[in-house]
Amino acid sequence: MSEEDIVTPAPADAEDLPETERFEGKYPIRIRGLRNAFGDQVVHEGLDLDVRRGEILGVVGGSGTGKSVLMRSIIGLQVPDEGTIEVFGHDITDAEPDEVIGVRNRWGVLFQGGALFSTLTVAENVQVPLKQFYPELSQELLDEIARYKVVFTGLPETATSKYPSELSGGMRKRAGLARALALDPELLFLDEPTAGLDPIGAAKFDDLTRELTNRLGLTVFLITHDLDTLYAICDRVAVLADHKVVAVGTIPELLESGHPWIEEYFKGPRARAAQGTFEAAKAQGTAAAGKHLDNTDPQGS
Amino acid sequence: MREWADFTIEEAGGRLTVAISGPLRVSSIGKLDPQLRAIEEPVQTVDLSEVTEVDTVGAWVVQRFVDAHNAVVVGASEQADVLMEAVRETQTSADVKPPRLPFFTRVPEFTGEKVVHWFQGVYSTIAFLGAVIAAMFGTIRHPRRFRGKALVRQMELVGVSSLPIIGLMSFLIGIVIAQQGAVQLQQFGAETLTVNLVGRITMRELGVLMTAIMVAGRSGSAFAAQIGTMKLTEEIDAMRTIGVSPAEALVLPRILAAVLMMPLLGFFSSVVAIIGGAVIGDVMLGIPFLTFLARIQEVVPLHDFYVGMVKAPVFGLIVAISGCYQGMQVKGNAEEVGLRTTQAVVQAIFMVIVLDAFFAVFFTEIGWG
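Quick note, the sequences are listed as chains A and B, same order.
In terms of the UniProt record's numbering, the first sequence opens at residue 1 and continues consecutively.
In terms of the UniProt record's numbering, the second sequence opens at residue 1 and continues consecutively.
Pairs of lysine-lysine residues, derived as DSBU-like cross-links and limited to a Cα-Cα distance of at most 35 Å, are as follows:
1) 31(B) x 131(A)
2) 114(B) x 162(A)
3) 204(A) x 331(B)
4) 331(B) x 162(A)
5) 26(A) x 31(B)
6) 331(B) x 114(B)
7) 162(A) x 131(A)
8) 162(A) x 31(B)
9) 204(A) x 97(B)
10) 331(B) x 149(B)
11) 204(A) x 26(A)
12) 97(B) x 131(A)
13) 162(A) x 97(B)
14) 131(A) x 331(B)
Cβ-to-Cβ under 10 Å is the rule here; a few derived chain B residues that face chain A:
15) 29
16) 56
17) 82
To be clear, the hints were calculated from the coordinates, so they are not data collected in a lab.
Predicted model, so just to flag it, every value in this text is computed and none were measured.
Beta carbons: idealized from backbone N, C-alpha and C, even for Gly.
Bound conformation, chain A alone (with noise of 0.2 Å):
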């Protein structure tokens, strides 16, 4: 891989690009019947998931239940062996390729590791996908949303002409954050965002998700093993388990359902600190968190 394959762009005439409206319906991703199996290994089997707009949905579930697959299946990395994926009304799972641009130019993903081109400095990694879908925009345009998006992640401008081997890990994701954001989408996938980071650091990513989902009317699918983030920034929280989703909801109702896996999950002693942390957190109202829920409707941007 070298820094001419990504920087030279090659896209489909600028013009041929479709039209995209925002999408105003209720449900950006949905998910009816998904089956993944792996050889003889079944991961998914019969799920279903609608992620609400405006939403952060965070996606919980034991190591090895698929979560990192489900996602790989919504973005198009995973074609899956059974059912369907709609993501913005299209169907992504047997589409038309040029409806397919139409959706992919609209959603951000930041890897688990940041999978940040290592031949490009931070900026250019932000500008690879606005060259890639939107070539007439000037170099000067270029250079200067990819300074404001690398602020805007809150890494210091310094960072805009490092390489990525130059960054500290949370640095890294930061910096992916800033290229999942740069075509300003309107769904983000974030992959266990919060892992490897320290407990500040952690926060701040947190503040910095929902605080990007309220400005810019984000809709958020957010894979997470982290019990604060769960507590502090999800809307709702969906439960993988047993090949499928077998509960979504607030935290609180995700108690009621009686799963035994969901009991030992926010019932264990380290839900219990998070739990605490938040409502101590709550009741000082410092907390950044706690939008308020209408659980009939979805929230809008």
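Please build the complex by placing chain B on the supplied structure of chain A, with the hints as guidance.
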């Protein structure tokens, strides 16, 4: 067809108002931005009341224009206000790429860097050789630490699995030498000397040399890429912390495998090349196949065989060391793995050919001509 953001300029009492209309989004801003940048007259007001949608890129473009003209914004939607406020906080003028030095600084810096790198290369080569030798003595003193399984596995990869490709290559080379040699020798009526030509040149030179080049391409590159990737994924560091020496666990088995397999592969290659020559002898020159093989025994002196077998392990050593050394030097990014792998192969083949020339002169001087 996409809808582009547009604008009009209105003048009222010497005051200019820029009224922007349409969606202000990253997908629709491409034509508006250069036009706004081109406006030189001072603008007092920016009217956003006709704007349908805004995202951060749109907000940025308006904010930058407003700041440049010290203008006032009117008619902005609530969301536009929020986003413009957000991008205003994040203004910066940091570099997008590391700064590029002026020519007269860059050239000496580049030259100096190369020189320093060269010395560092010499130093780290010696350090690497030292580590390998230390690992060798370490395993001799503690034979239990020797990794027999890894050695056998590497011997399979370097030796057994390359038999088909080396066999095919050698067979074809034997055919080419015999056929081309016969054409020339026929002019003197000495086509029977084709046997000498094929036998001596493959045993002495080509068998081992071509095999070394093939092993450098097949195994030397694999060594560099494997070890380099392990370096990137911190596997080598993990080994060190557990107390496993990478030189013992990774480098030594590979070097030993190459040193042990090269003589066998080289001999195999010579034999197959002679068979190739014998086939041509039978078909083109009328020398029966078995007579050709019997003649080989008479015309190829034993020391030709020794010359080949002395060179083979040395070539194996060079190929393996250069592969492992380059692999251990990888740091930073994926591009480096490719670069180092290429370097390992080029370096190995170059060194093998230089040494082969040296050996040729040396063995002739000591009377093994």
